[in-house]
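S.K.: Line by line, the protein sequences are chains P and F. Position 144 (the first sequence) corresponds to 144 in the working numbering; numbering is contiguous. Position 183 (the second sequence) corresponds to 183 in the working numbering; numbering is contiguous.
Treat the hints loosely; a few may be bogus.
Said to hold, decoys possible - Across the chosen pairs, the derived CB separations fall in these ranges:
| hint | chain 1 | residue 1 | chain 2 | residue 2 | range |
| --- | --- | --- | --- | --- | --- |
| 1 | P | P129 | F | A155 | 17 to 27 Å |
| 2 | P | E91 | F | A60 | 19 to 29 Å |
| 3 | P | E189 | F | E230 | 24 to 34 Å |
| 4 | P | G188 | F | A155 | 30 to 40 Å |
| 5 | P | E230 | F | A60 | 20 to 30 Å |
| 6 | P | F224 | F | A85 | 48 to 58 Å |
| 7 | P | G188 | F | L36 | 55 to 65 Å |
| 8 | P | R179 | F | P64 | 26 to 36 Å |
| 9 | P | R179 | F | D136 | 42 to 52 Å |
| 10 | P | E5 | F | G34 | 22 to 32 Å |
| 11 | F | A177 | P | M1 | 28 to 38 Å |
| 12 | F | D211 | P | R239 | 48 to 58 Å |
What the hints assert, rightly or not - So, partial list: chain F residues that the calculated Cβ filter (under 8 Å) puts toward chain P:
| hint | residue |
| --- | --- |
| 13 | V58 |
| 14 | L183 |
| 15 | F186 |
| 16 | A228 |
| 17 | A229 |
Said to hold, decoys possible - Derived, one-sided and incomplete: chain F residues facing chain P with beta-carbon distance under 10 Å:
| hint | residue |
| --- | --- |
| 18 | D52 |
| 19 | A55 |
| 20 | K59 |
| 21 | V112 |
| 22 | A123 |
| 23 | H134 |
| 24 | D162 |
| 25 | E189 |
| 26 | L201 |
| 27 | L231 |
What the hints contain is simulated information worked out from the structure, not anything from laboratory work. Owing to the predicted nature of the structure, the values given are computational and were not obtained by experimental measurement. Each residue gets a CB set at the ideal place from its N, CA and C atoms; glycine is no exception.
2 protein chains.
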Amino acid sequence: MQPEEAWSRLAALGFGGDDVETLFAHFDDAERRGKLGHGHARIEWLETQELDPVATPVKASALPGFDFWKSRGSLGYLVLAEICAELAEAEPWPVRVVAADAFPTGHLGYWVRWLADAGLVAALTASSPARLPHPDGGEPLVGTTPLAIGLPNPAGEPIVVDVSMGAVTYGDVIRGAARPEELVPFGGEQAYKAFALAVGLEGLISSFVGDGYGIVLVAAKPEFDGFAAELRERAAGLRLPGDS
Amino acid sequence: MQPEEAWSRLAALGFGGDDVETLFAHFDDAERRGKLGHGHARIEWLETQELDPVATPVKASALPGFDFWKSRGSLGYLVLAEICAELAEAEPWPVRVVAADAFPTGHLGYWVRWLADAGLVAALTASSPARLPHPDGGEPLVGTTPLAIGLPNPAGEPIVVDVSMGAVTYGDVIRGAARPEELVPFGGEQAYKAFALAVGLEGLISSFVGDGYGIVLVAAKPEFDGFAAELRERAAGLRLPGDS
């Protein structure tokens, strides 16, 4: 899909210009990084969904060290874009936990890279429909529940971790690049580890968000910001998470 | 090792009665759960370390939503015991992030179970010496950097996730149950995922703690606490993380 087509199809769904730009930037970044399940294919998927394109998220509460955002029916991408823009603008100190009923939120590395580029360290996880069965089998019990962590690097490229607990992504399944039965916790013989992480992260999100899907984000202006540069030096050219 | 012997060998290292009790409780819990690398074998290991048995941790700063503890040379187990006791006593609201230069901290499931038993949801990660090489090989670059998440359950047993990013534990290596070359990121062909999680979590900790090893903990009185019971129902008897 060419940018012009993507842009006009998003606009045809009823989104305003800023939201079209936000959504296009996210899908296009995924496409360029080879995360095709989160790329342009998602525009076709959005066209099949019931959407409220004029809904806007709101910060429903701001407490010491904690913000809660409500999507009010807007897409999760747009909720996270508001959250990231605000955190990047006014650096959280000493640390901020943010929760929201945001869904869907795409590839989480995009959001923590945004924050890392603004000099913030951040960890972000998101829940989604149950896709992963227990390693012993049965119906899907938990979502792929990715964990993304962005590490800023004042001396060069940040490190951007973005790990789904699934062996393949649901996006890969919906675009036909993986079979549904491949969507199990990653790790082979040790798949119980990825399953456990998905359970724990989904439960953590649920503690703040309740039923339905959402996100939990922890972001801070780092007290120490030398880790990414120091690890890059020790890794001596080996590819590190998030490198293209 | 019998409890009496464990107790007297810890006392012989110079620890006071309360600290002996704290350390013994941790090692004995590990032993009973079959986490032998964190069990009684650690007492022998402590006997080989330079220790300051009368050092005590201190909460060096208490900011909105964030506490920083300094070990001042005390064992990480004792730092985490102080942190957990304080959180369990005065429930954090709306959420608390806690960082400390605590090391070693044993099996992290123990600490988040403590908090879950007190009705708190918590996520805890800890850094340690570099043991895991890059999936493409080379020298160890990051620690096994476990992530533990405790989910309270007012209706029954909590869920306690405790996942090391290593295919085996360093404890297993030091007690001879695994070979050093088995200490790689878990996941087989997808070991890059566990490696990435170890990198991200270690970088997150480093952002708060700087050089040296430490912990980051996020704890909250959950707004919603039905997840553990609801998942247990859907899992219909399948073993969930932390079950014995």
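S.K.: Each hint needs a verdict: does it hold in this structure or not?
M.R.: Hints and how they fare:
1. P/P129 - F/A155: 17 to 27 Å: For F/A155 against P/P129, whose Cβ atoms are near 24 Å apart, the range 17 to 27 Å holds.
2. P/E91 - F/A60: 19 to 29 Å: 22 Å, holds
3. P/E189 - F/E230: 24 to 34 Å: Since P/E189 and F/E230 have Cβ atoms about 28 Å apart, the given range 24 to 34 Å holds.
4. P/G188 - F/A155: 30 to 40 Å: Check passed, 34 Å falls within 30 to 40 Å.
5. P/E230 - F/A60: 20 to 30 Å: 24 Å, holds
6. P/F224 - F/A85: 48 to 58 Å: 27 Å, violated
7. P/G188 - F/L36: 55 to 65 Å: 24 Å, violated
8. P/R179 - F/P64: 26 to 36 Å: 49 Å, violated
9. P/R179 - F/D136: 42 to 52 Å: 28 Å, violated
10. P/E5 - F/G34: 22 to 32 Å: About 57 Å separates the Cβ atoms of P/E5 and F/G34, which means 22 to 32 Å is violated.
11. F/A177 - P/M1: 28 to 38 Å: Given about 53 Å between the Cβ atoms, the range is violated.
12. F/D211 - P/R239: 48 to 58 Å: 25 Å, violated
13. V58: It is violated, given that the least Cβ distance between F/V58 and chain P is near 17 Å, above 8 Å.
14. L183: 13 Å, violated
15. F186: 5 Å, holds
16. A228: Holds, about 6 Å.
17. A229: With a closest approach of 11 Å, the F/A229 hint is violated.
18. D52: 24 Å, violated
19. A55: Violated - the Cβ of F/A55 stays beyond 10 Å from chain P, reaching only about 23 Å at its closest.
20. K59: 14 Å, violated
21. V112: 9 Å, holds
22. A123: Hint on F/A123: holds, closest Cβ of chain P at ~6 Å, below 10 Å.
23. H134: 5 Å, holds
24. D162: Since chain P brings a Cβ to about 8 Å from F/D162, closer than 10 Å, the hint holds.
25. E189: Hint on F/E189: holds, closest Cβ of chain P at ~7 Å, below 10 Å.
26. L201: Holds - the Cβ of F/L201 comes within 10 Å of chain P, reaching about 7 Å at its closest.
27. L231: 7 Å, holds
In terms of the numbered hints stated before, the structure departs from hints 6, 7, 8, 9, 10, 11, 12, 13, 14, 17, 18, 19 and 20, listed from lowest to highest.
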